[in-house]
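**Q** The numbering used here applies: residue 16 is where the sequence shown begins, and numbers increase by one.
A few of these clues could be false.
Stated by the list, open to error - DEER-style ranges, computed between Cβ atoms:
1) Y129 to I379: 21 to 31 Å
2) N103 to V63: 31 to 41 Å
3) L170 to F380: 44 to 54 Å
4) A498 to D298: 21 to 31 Å
5) F368 to A401: 53 to 63 Å
6) F380 to D48: 37 to 47 Å
7) G372 to T161: 13 to 23 Å
8) L347 to A134: 14 to 24 Å
Because the hints were derived from the structure by calculation, they are not lab data. Glycine is no exception: its CB is placed at the ideal position from the N, C-alpha and C atoms.
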Amino acid sequence: MCMSKKNSKFLLCSTLLCMFSSCAVGPDFIKPDAPAVSHYSHELDPTVTTVEGGTAQHFNLGAKITADWWRLFNSPKLDIIITEAIKNNAGLDAAQANLRQSQNNLRSGYGIFYPQLAADAGASRQKSNTLSANSGLPPTIFNLFTLSASVSYALDVFGGQKRLVEGLGAKVDFASAKEQATYLTLSTNIVNTVIAKAAYAAEIESTNQLIELQKEQVKLSEIQEKSGIVPYSNVLSLKSQLATYEATLPTLQQRLVQSDDLLATLAGHTPAEWTSPEVNLSDIKLPENLPVSLPSSLVHQRPDIIAAEATLHAASAGIGVATAALLPSFSLNGSYGTNSTATNSLFAAQGNFWSLGAGATSPIFEGGTLWFKRKAAIDNYKQASALYRQTVLSAFAQVADTLHALDHDAATLTADDEALSNAQQALSLLQANYKAGLVTYLDVLNADVQYHQAKINDLQAIAVRYQDSVALFASLGGGWWNAD
Numbered sequence: 016m017c018m019s020k021k022n023s024k025f026l027l028c029s030t031l032l033c034m035f036s037s038c039a040v041g042p043d044f045i046k047p048d049a050p051a052v053s054h055y056s057h058e059l060d061p062t063v064t065t066v067e068g069g070t071a072q073h074f075n076l077g078a079k080i081t082a083d084w085w086r087l088f089n090s091p092k093l094d095i096i097i098t099e100a101i102k103n104n105a106g107l108d109a110a111q112a113n114l115r116q117s118q119n120n121l122r123s124g125y126g127i128f129y130p131q132l133a134a135d136a137g138a139s140r141q142k143s144n145t146l147s148a149n150s151g152l153p154p155t156i157f158n159l160f161t162l163s164a165s166v167s168y169a170l171d172v173f174g175g176q177k178r179l180v181e182g183l184g185a186k187v188d189f190a191s192a193k194e195q196a197t198y199l200t201l202s203t204n205i206v207n208t209v210i211a212k213a214a215y216a217a218e219i220e221s222t223n224q225l226i227e228l229q230k231e232q233v234k235l236s237e238i239q240e241k242s243g244i245v246p247y248s249n250v251l252s253l254k255s256q257l258a259t260y261e262a263t264l265p266t267l268q269q270r271l272v273q274s275d276d277l278l279a280t281l282a283g284h285t286p287a288e289w290t291s292p293e294v295n296l297s298d299i300k301l302p303e304n305l306p307v308s309l310p311s312s313l314v315h316q317r318p319d320i321i322a323a324e325a326t327l328h329a330a331s332a333g334i335g336v337a338t339a340a341l342l343p344s345f346s347l348n349g350s351y352g353t354n355s356t357a358t359n360s361l362f363a364a365q366g367n368f369w370s371l372g373a374g375a376t377s378p379i380f381e382g383g384t385l386w387f388k389r390k391a392a393i394d395n396y397k398q399a400s401a402l403y404r405q406t407v408l409s410a411f412a413q414v415a416d417t418l419h420a421l422d423h424d425a426a427t428l429t430a431d432d433e434a435l436s437n438a439q440q441a442l443s444l445l446q447a448n449y450k451a452g453l454v455t456y457l458d459v460l461n462a463d464v465q466y467h468q469a470k471i472n473d474l475q476a477i478a479v480r481y482q483d484s485v486a487l488f489a490s491l492g493g494g495w496w497n498a499d
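Full structure from sequences and hints, please.
**A** Shown next as structure tokens:
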């Protein structure tokens, strides 16, 4: 391998230092510091949402997040679905198997620090060549039996093997974080799907009622048009509106079916063999007290940040492995055995043999392969460092966005509730006026349509608020570190 004079001095100094200090070449990994911030947003984080329906969600900074956070929604049917999924989900099984694989790879890596023992036994029939010895004797045919044992030990002078095992340990951390990420993704997907399914069912019910009301309006309008009270354009306008409402129904029904299929898949079943329990929006309670991790703790809790840190750690160890490959390697070896032409004299003293030795191997010319592998390892570390920083920044932004989204959800739902209340009052007044003969039945139907439209908007706002509450738990890591 071609090296400059400066690089040669560096390798020589590294060799001498490591031989006398038994150090490991390459950088020692240091966990990155958490961002030095006390809150997630540019301004102070919200501590409580807008009061909606007499209820507000409170954000408790530094409070403990339970591992089974979904139980805060107080829905036994939801608990049943998640329990079934944790037991049968294929993705979670794969993540757990991947973790066990990484752990076993680490255990196998520790074997490099122990002497390597081997035994050998052989039996052969041979014919000697006496002509080469000029003995004039005829060639002889004989049996040869051999028993031997050997031991070798690689001296990890520069810590290359230590760094290799360190990298395997980082891969275990990565696999563990991926398992937790899979667990968190599974639970959040189930809760979100259950909420969405309940909202779709409620919207379908309201839409069906809305369609029936619109059909009544069309019939009355057709009667009025035949009587010459209203123009035919009114009939067409109402029919167009009816068709619009009817067009939304198949989409909602399809989404409802897809939610059922998704829940079955997440629970580890085919849609044909398993159906999730029916959960209504009224069966789900909105958590009023939401725990929020401290910013300094977030980097140690979110699985994606932990996985990025493990990748950075493995890249750091890779620099040490690549550096050690540039330096000499040393080993000790020995062997002992016996051989004989007959099995009954196999352990006779005259047949014994042994050897002891030490070896050293140093790369001299590799065409730049080892040197540039080290440079590639350094670049890999820089890339992992940049990706880690980006992961942390994205995590903090996600928490900040979710905190403000919940506050805005409460404000939106307050406005939708007011619109629904006003529409309901208007409908009640028109129904009373209709009984008194002051308005037509068509006026009542129009008010009823407006009421159901407001109800659908309100249902959508409720579902969004529930799902943003789920998003907060997901953005904080899900509380896996508090599991039993």
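**Q** Hints first: check each against the structure and report whether it holds.
**A** Hints, verified against the model:
1. Y129 to I379: 21 to 31 Å: holds (30 Å)
2. N103 to V63: 31 to 41 Å: holds (39 Å)
3. L170 to F380: 44 to 54 Å: Violated - the Cβ-Cβ distance for L170 and F380, about 24 Å, lies outside 44 to 54 Å.
4. A498 to D298: 21 to 31 Å: Check passed, 25 Å falls within 21 to 31 Å.
5. F368 to A401: 53 to 63 Å: holds (58 Å)
6. F380 to D48: 37 to 47 Å: Given a distance of about 43 Å, which is inside 37 to 47 Å, the answer is holds.
7. G372 to T161: 13 to 23 Å: At roughly 19 Å between Cβ atoms, T161 and G372 fall inside 13 to 23 Å, so the hint holds.
8. L347 to A134: 14 to 24 Å: About 18 Å separates the Cβ atoms of L347 and A134, which means 14 to 24 Å holds.
In this structure, only the earlier hint numbered 3 is contradicted, and the remaining ones agree with it.
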